[in-house]
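Produce the complete structure using the sequences and hints provided.
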Amino acid sequence: MHSLFKVHFNWGIYLILGLLIRLVFPNLSWLCYFAVMISLHQFMLLFYSIGHIIPVRYLLGSFMCLQMFIGPTLAYNGLDKFQRGYMKMQVPYQEYFAYVLPAVILFIIGLHIRAGLMEGEYVEEEKVKKFVNKNPQLPYIFVGIGFVASVAASFFRSELGFIFYLLSGFKFIGTFMIILGSRNVKPIVLAAVYGSVIATSLSRAMFHDLLTWVIFLGSVFAIKYKPRLEVKAMFAGAFVLLAVFIQMIKGDYRQATWKEGEEGGIEALQKTIEEGQEKKGIINMEKLAVSNIRINQGYIVTNIMKHVPAKEPHANGQELMVIMEAAILPRIIAPNKLNAGDREFFMKYSGMRIARGTSMGLSSVGDGYINFGTIGGAIFMLIYGMFFSEVLRLYKRFSKDFSILILFTPLVFYYPIRPDCELQTILGHLFKAS
1 MHSLFKVHFN WGIYLILGLL IRLVFPNLSW LCYFAVMISL HQFMLLFYSI GHIIPVRYLL
61 GSFMCLQMFI GPTLAYNGLD KFQRGYMKMQ VPYQEYFAYV LPAVILFIIG LHIRAGLMEG
121 EYVEEEKVKK FVNKNPQLPY IFVGIGFVAS VAASFFRSEL GFIFYLLSGF KFIGTFMIIL
181 GSRNVKPIVL AAVYGSVIAT SLSRAMFHDL LTWVIFLGSV FAIKYKPRLE VKAMFAGAFV
241 LLAVFIQMIK GDYRQATWKE GEEGGIEALQ KTIEEGQEKK GIINMEKLAV SNIRINQGYI
301 VTNIMKHVPA KEPHANGQEL MVIMEAAILP RIIAPNKLNA GDREFFMKYS GMRIARGTSM
361 GLSSVGDGYI NFGTIGGAIF MLIYGMFFSE VLRLYKRFSK DFSILILFTP LVFYYPIRPD
421 CELQTILGHL FKAS
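Mapping of the sequence shown onto the numbering used here: position 139 corresponds to residue 139, and the numbering continues sequentially without gaps.
Honestly, the hints are just simulated from the structure, not real lab data.
In this text, a Cβ means the ideal position worked out from N, Cα and C, and glycines have one as well.
Be aware that one or more of the hints could be misleading.
[What the hints assert, rightly or not] The calculated BS3-like cross-link candidates involving lysine-lysine, where the alpha carbons are at most 25 Å apart (straight line), are: (1) Lys127 - Lys224; (2) Lys130 - Lys396; (3) Lys400 - Lys226; (4) Lys226 - Lys127; (5) Lys348 - Lys306.
[Claimed, not checked] Just the calculated beta-carbon pair ranges, DEER-fashion: (6) Met234 - Phe34: 24 to 34 Å; (7) Ile21 - Asp209: 27 to 37 Å; (8) Ala236 - Glu267: 28 to 38 Å; (9) Gly144 - Ala243: 23 to 33 Å; (10) Lys130 - Ala355: 49 to 59 Å; (11) Ile188 - Phe245: 26 to 36 Å; (12) Ser434 - Gly85: 38 to 48 Å; (13) Lys432 - Ala355: 25 to 35 Å; (14) Pro313 - Trp30: 24 to 34 Å; (15) Trp11 - Met234: 19 to 29 Å.
As structure tokens, then:
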């Protein structure tokens, strides 16, 4: 638990922010307030860790709090009135937080109970430099493999396509090696790698890749340059503004590119912004409510809690076994295993009706409840967090002989840090990437 309470952390600022939140939002229930304070603790731990580690554990905790605490709190405190049907929170906040608060807290404890000195996240810079100096062409080979695999991935489906998808992440690993192993940053490589992510995000109207890899890039830069607190705060503020801006325009941008036939790119983005300003402005309560759905995995959990066990009994581990089969076994051995975002599977346990082609995840918190109920689900989340921590500890152990191995953790945990993903996708990515 050292990494939760005995690390560099400004408790004074934490308490001041907590007091301000209580004063500004006096009607916030104590359960919601407690959820917000747990989230603030995780966010601040993430902020202070930048410059010291690649913060996989803090990202796991922060993203879980964002989607299970912050999104639901906003929904319960006003934004839910703009939603309809299944998109609304389906159970009272007392019932929701009675399960989710202990479940997420135990998940965070599981992440840190055997973390030691952030094992699996600390980068030994000198060893990385020596490795890169001995193998100066390897980072560029990784970048090249990443670009080739990015193109090849679009020609394949299922397991083979996933292999190319994983290999496409090598361009980021190569970039990290160049940053940490070279005396000077290579701006051309940086522009090519992250320019490709920006272009892909605009063309597909999917921005999670961009935001996630920007976080990891910032972490690696901070490890190399050790920025002052003020500089970190400036970049953190800029990132938050970027994330909020993307959330505000994403719905309209997808409408333009997916449904109205606009070609994704800078021009379509600019047109979307201008049209948003002409209507009700980029920011208004309705858009906030729509954007909140994207960070609120809690509404799906409440649908599960309403549906199970009232209409579908607790699975008692059977659903989890189906998920493990899908995550571990190749389709040639298990041809009938679950697909990513399996529609029938999702509807069975959530009670929600979604259109064909729509992909939604039950989430690990939801899967815990489906299988084991409130108490058992919380214990499941503790074990789930411990499992991730042990994987990171293995990377620490093997990095003694292969120093750059820690730089692969962003690729390995790219899906696990997302609470909105299906558990079979998270575990499948973790097993195959490892």
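Structure-based check of all given hints:
no. : hint                        : in the structure
1   : Lys127 - Lys224             : holds (13 Å)
2   : Lys130 - Lys396             : holds (18 Å)
3   : Lys400 - Lys226             : holds (23 Å)
4   : Lys226 - Lys127             : holds (18 Å)
5   : Lys348 - Lys306             : holds (12 Å)
6   : Met234 - Phe34: 24 to 34 Å  : holds (30 Å)
7   : Ile21 - Asp209: 27 to 37 Å  : holds (31 Å)
8   : Ala236 - Glu267: 28 to 38 Å : holds (30 Å)
9   : Gly144 - Ala243: 23 to 33 Å : holds (30 Å)
10  : Lys130 - Ala355: 49 to 59 Å : holds (54 Å)
11  : Ile188 - Phe245: 26 to 36 Å : holds (27 Å)
12  : Ser434 - Gly85: 38 to 48 Å  : holds (39 Å)
13  : Lys432 - Ala355: 25 to 35 Å : holds (29 Å)
14  : Pro313 - Trp30: 24 to 34 Å  : holds (33 Å)
15  : Trp11 - Met234: 19 to 29 Å  : holds (22 Å)
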